[in-house]
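If you read the sequence shown in my numbering, its first letter stands for residue 4, the second for the next number, and so on.
Treat the hints with care, since some could be wrong.
Distance condition first, Cα-Cα at most 27 Å in a straight line; then the derived DSS-like pairs of lysine-lysine [as the list claims (entries may be wrong)]:
(1) K192 / K293
(2) K337 / K192
(3) K393 / K337
If you're looking for bench data, these hints aren't it; they were derived computationally from the structure.
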Amino acid sequence: MLKINEEVCIGCAICEDSCPFGAIKVVDGLAKVGDTCTLCGACVESCSVEALVLEVAKREVRDDLSTWKGVWVFCEYRRGELASVSSELLGIGRKLADQRQVQLGAVLLGHDLGETASLLIGHGADRVYVVDDPALQEFREDCYARVTTFLIREYRPEIVLAGATAIGRSFIPGVATALNAGLTADCTKLEIRAGDGALLQTRPAFGGNIMATIVCESSRPQMATVRPKVMKALEFDASRKGEVVAVNPPADLLQSRVRFVESVVGEASKVNIQDADILVSGGRGLETAKGFELLRQLADVLGAKVSASRAVVDAGWIPYPHQVGQTGKTVAPKLYIACGISGAIQHVAGMQSAEIIVAINRDANASIFNVADYGIVGDLYEIIPKLIVKLEGRRHES
4 MLKINEEVCI
14 GCAICEDSCP
24 FGAIKVVDGL
34 AKVGDTCTLC
44 GACVESCSVE
54 ALVLEVAKRE
64 VRDDLSTWKG
74 VWVFCEYRRG
84 ELASVSSELL
94 GIGRKLADQR
104 QVQLGAVLLG
114 HDLGETASLL
124 IGHGADRVYV
134 VDDPALQEFR
144 EDCYARVTTF
154 LIREYRPEIV
164 LAGATAIGRS
174 FIPGVATALN
184 AGLTADCTKL
194 EIRAGDGALL
204 QTRPAFGGNI
214 MATIVCESSR
224 PQMATVRPKV
234 MKALEFDASR
244 KGEVVAVNPP
254 ADLLQSRVRF
264 VESVVGEASK
274 VNIQDADILV
284 SGGRGLETAK
294 GFELLRQLAD
304 VLGAKVSASR
314 AVVDAGWIPY
324 PHQVGQTGKT
334 VAPKLYIACG
344 ISGAIQHVAG
354 MQSAEIIVAI
364 NRDANASIFN
374 VADYGIVGDL
384 YEIIPKLIVK
394 LEGRRHES
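Using the sequences provided together with the hints, build the complete structure.
The following block contains the structure:
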């Protein structure tokens with residue numbers, strides 16, 4: 004809880020100005036805390052006389068944390084394909100494991116897995132824990148959760164990473180609950196803390212207005228999910244050596260209350276902006292849904308796909324599968340062209356990994372220019388048609 008030492012408080016109102024939620028007001032020369040306080044601690048850091056104290060109850064450590072060792076990555080495998088986020092997580096997992104001087108393990112569940120375990124070793128895993136069973140042919144939340152929980156209890160890894168995908172979001176929280184462990188979702192950064200080796204898990208908080216770093220001080224494993232395209236995969240090395248461990252969990256863990264009937268590919272699955280090398284993205288600056296017609300022309304010339312900010316998706320100008328950002332897709336194309344996008348932190352969180360970012364905006368002070376490699380200040384309805392003509396001319400010349 005946040006406490007105010009009234010004997011020390013001088014009523015300077017610096018804390019009032021520092022609070023991003025308007026939770027502190029100075030009344031009769033003393034700071035008062037309102038119900039909207041989120042205990043973020045911004046006011047504590049701003050107080051020059053140390054009148055504000057944030058008290059956090061320490062959780063009792065009930066387990067010997069030193070008995071947990073290793074970094075694990077849950078790797079998604081469906082219908083003969085390994086999800087791209089799996090190799091990306093093995094990339095950051097390899098870095099964390101090296102810093103902790105422990106092994107990097109990969110968890111692979113499914114049936115008729117073939118040479119997939121060798122593929123995971125080539126992407127950085129030291130050891131692959133394989134559960135190959137017909138019951139795991141299709142994803143069933145209850146089976147996957149029970150088997151994964153069993154593996155973690157059996158081998159005790161200190162860190163467990165999974166993709167923030169439909170599958171990961173479906174069953175990983177249940178695993179964390181069963182283990183009484185902490186879980187940080189949608190992390191954008193993962194690091195090892197010097198000294199005690201704890202996992203620093205950074206993610207957007209409070210609607211994306213700040214970046215919070217979360218630490219599980221008193222429990223293991225430390226669990227985190229990461230969206231696709233946030234981390235970078237290692238270069239595949241077929242010569243890497245590793246160990247494959249075949250695990251046979253108790254039969255009752257593979258009994259499911261869910262019966263698989265059929266799989267239907269919906270329209271949303273047919274729009275995949277995450278695989279695009281080039282994205283032309285539109286925002287509120289288009290002023291009307293018809294503005295996307297111009298962006299599609301530019302995309303056609305570039306061989307690109309069209310994406311968008313949340314504002315225009317909410318306005319109904321373009322369907323949700325095209326949305327980039329904290330509440331949409333995270334993308335990492337070779338080229339990202341932001342047209343009429345202001346650059347809110349929620350949007351930037353979803354596209355900042357692009358190799359090259361080009362921003363077109365009439366507002367020279369737009370935040371998007373802070374992350375752009377190239378910026379064009381002007382009316383996009385004047386700039387883009389000229390750009391299309393120029394690109395078409397070059398294409399015809401070649």
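Hints, one by one, checked against the model:
1. K192 / K293: Between K192 and K293 the Cα gap is close to 37 Å, so the pair fails against 27 Å, i.e. violated.
2. K337 / K192: With a Cα-Cα distance of about 21 Å, the restraint between K337 and K192 holds, given a limit of 27 Å.
3. K393 / K337: With a Cα-Cα distance of about 20 Å, the restraint between K393 and K337 holds, given a limit of 27 Å.
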